[in-house]
Amino acid sequence: MKPEELKGHLDGLILAVVSQEPLHGYAVIEALKQRSGGALALPEGTVYPALHRLEAEGLLKSEWTQAGRKRRVYSITKRGEKELGVSRERWRVFSATIEAVLT
Amino acid sequence: MNYLDELDSELAAAGIPARRRARIVAEFTDHLGENPAAELGAAKDLARQFADELGTRLARITAYRAFAVLAVAGITLGVMFFGGGRTWGAWVGYGSNPYDGVIPGWWVPLMVLWFVTAQVALAAGSLALLRAWQLRHERVITAGDAAVLNRRAAVGLVAGAFTMLLLPATDLMLARPLIYRMSGGAIEVQVDRWHSLFAPYGHTWWPYVAMIGGPLLIIAMLAMLPSVMAAARLRPSREGAAGDLTSDIGPELSERFAASPERIAVALSATIVLVMLAVGARSDDALDGLLRGVLDAGVCMAGFALLGSYLGLRTTGRTTS
Numbered sequence: 001m002k003p004e005e006l007k008g009h010l011d012g013l014i015l016a017v018v019s020q021e022p023l024h025g026y027a028v029i030e031a032l033k034q035r036s037g038g039a040l041a042l043p044e045g046t047v048y049p050a051l052h053r054l055e056a057e058g059l060l061k062s063e064w065t066q067a068g069r070k071r072r073v074y075s076i077t078k079r080g081e082k083e084l085g086v087s088r089e090r091w092r093v094f095s096a097t098i099e100a101v102l103t
Numbered sequence: 001m002n003y004l005d006e007l008d009s010e011l012a013a014a015g016i017p018a019r020r021r022a023r024i025v026a027e028f029t030d031h032l033g034e035n036p037a038a039e040l041g042a043a044k045d046l047a048r049q050f051a052d053e054l055g056t057r058l059a060r061i062t063a064y065r066a067f068a069v070l071a072v073a074g075i076t077l078g079v080m081f082f083g084g085g086r087t088w089g090a091w092v093g094y095g096s097n098p099y100d101g102v103i104p105g106w107w108v109p110l111m112v113l114w115f116v117t118a119q120v121a122l123a124a125g126s127l128a129l130l131r132a133w134q135l136r137h138e139r140v141i142t143a144g145d146a147a148v149l150n151r152r153a154a155v156g157l158v159a160g161a162f163t164m165l166l167l168p169a170t171d172l173m174l175a176r177p178l179i180y181r182m183s184g185g186a187i188e189v190q191v192d193r194w195h196s197l198f199a200p201y202g203h204t205w206w207p208y209v210a211m212i213g214g215p216l217l218i219i220a221m222l223a224m225l226p227s228v229m230a231a232a233r234l235r236p237s238r239e240g241a242a243g244d245l246t247s248d249i250g251p252e253l254s255e256r257f258a259a260s261p262e263r264i265a266v267a268l269s270a271t272i273v274l275v276m277l278a279v280g281a282r283s284d285d286a287l288d289g290l291l292r293g294v295l296d297a298g299v300c301m302a303g304f305a306l307l308g309s310y311l312g313l314r315t316t317g318r319t320t321s
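As they're listed, the protein sequences go chains B and C.
Per my numbering, the first sequence runs over residues 1 to 103.
Per my numbering, the second sequence runs over residues 1 to 321.
The shape of chain B in the complex, shown without the other chains:
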C-alpha cells in the first residue's frame, strides 16, 4: 500500500496498535506491518512525526524506559481512546459507503 493512500488514516492506525499495549516507535511500525500482513510497510521514519504530534495533542503519552536500551514507549490516553472510537466509526461509515458503490 502506498503511503499517500494512508493519509487521513495513519493516526487511527497508530492509536489502534498502541491501544493494545504500550509500544516504542520501532515496535509501532512492526505492529502495523504484522497486523496488516505486510501491506502497511510505511517509510519507517514517517511514523515518528505522527507519534510526536499525537502526543502533543494529548492522544498518546510517552516515557523513557531503560530495559536494556534507552527507549521512548508510547501508550494511549483516555482522549486517545475516545479518538480511536471516532476513527473506527468514521472508517466503518466510509468503507461501507465505498463498498456499497463499488459492489
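Hints were generated in silico from the structure; no laboratory data involved.
Please note that the accuracy of each hint is not assured.
Taking lysine to any residue pairs in the SDA-like style, the calculated list, with each CA pair at most 25 angstroms apart, reads [stated by the list, open to error]:
1. C:44 / B:9
2. B:82 / C:32
3. B:70 / C:34
4. B:61 / C:32
5. B:61 / C:17
6. B:82 / C:140
7. B:70 / C:30
8. B:78 / B:97
9. B:33 / C:42
10. C:44 / C:65
11. C:44 / B:16
12. B:70 / C:19
13. B:61 / C:139
14. C:44 / B:55
15. C:44 / C:34
16. B:33 / C:39
17. B:33 / C:38
18. B:61 / B:90
19. B:82 / B:27
20. C:44 / C:233
21. B:78 / B:16
22. B:61 / C:278
23. B:78 / C:137
24. B:33 / C:137
25. B:78 / B:100
26. B:70 / C:6
27. B:61 / C:230
Which chain C residues stay away from chain B? Per the calculated CB distances, all over 12 angstroms, these [what the hints assert, rightly or not]:
28. 32
29. 56
30. 218
31. 222
32. 296
Derived coverage of chain B by chain C (criterion: at least 3 residues anywhere in the stretch with Cβ under 8 angstroms from a Cβ of chain C; other residues may be distant) [what the hints assert, rightly or not]:
33. 58-72
34. 87-94
Think of the CB as a built atom: it goes at the ideal place given N, C-alpha and C, for glycine as much as any other residue.
Put chain C on the given structure of chain B with help from the hints.
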C-alpha cells in the same frame, strides 16, 4: 557526517527545539539499534515532516492561548469600564479630580497610546483566534498561515501588555462623560465626573482586582512571548500565501457577501461607530459615543492600512515569509 548527525542538523535547521531534537535522535538511535538496515527516509524530509506536524499545532495553540490571556485582560478592563463606572460614584464621590476638572496635557498622548494599544491587542488577538479556528481541521498549514498566526499572537500580546502597563490611563478613560468644547481655537477635553483609581476609596473589591490583575496579566502576556518565538522558529515547510481577512471569515461567508478585505474593514468600522453611538445614546451622551466610535473606527482603518500586510489582513501579492 553519519545519518543521525545529519538528522540532528536538519532538525535544527527546521527550527525544532534542542530538547525535542535530542529526543528524536535518541528514538532514531534506538530504531537503528533494532534494525541497522532500517530505511528511515531522507533526513531533510523527516525534519520537514516534524516541522510540519509540530509547527502547525504549535502555531494554532499559541494563537488560542494568546487570545485566552487577552480575553482575560479584556474582561478585566471591561469590568473597570462598566462595573467601575456604575459603582464608583457611590463611594468615590464626584469632584475628586486632582486636576480641577481639566485633563492635563501630558495625559493626552498617554490616553491616545492606551486607546490604540487596546484596540490593536483586541483586534490582533481576535484575528489570531479566528484564523486558528478556520484552520482547525488542517493537519499541516502553510508557512504563510503559520507566520500570520504567530505575528497576530505576538502583536496582540505586546499590545496587550502595553495596555495593561498603561492601566493608570484607564483611570482617565473612566472619567465619563467627557466634555468636548472649543477653547481658544483648540478642543478642550474636560470631565464632569472623576472616578479616580488612585483617589481615596472605600471598601470595595474591584480596584484591588485591577491593581493586582494588571501586573499579573502583564507577566502572563510577557511569559507567553518565548513560546510565540518558538512557534515562529518552528515553521511548517508547506508553501502558501498568508491569505487575508476573507480567509478569517471563511470561504462560505466571503462568497455569500462577495467580501473583500477592504469591504470587511469598512463594514467593521461602520459597525463600531454605530455600536459606540448606541452605547453613548444609552448613557445620555450620544456625542461622546459618536466621538469614541469615530476614533475607534479610525484606529481600525489605520490598523488595516498600516498592519494589514504584516498581520495577513490584506493580500499584497507576495507570500508571507
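message = Hint by hint, where does the structure go against what was stated? Just the numbers, ascending.
response = Violated hints: 2, 8, 10, 11, 22, 24, 25, 28, 29 and 34; rest satisfied.
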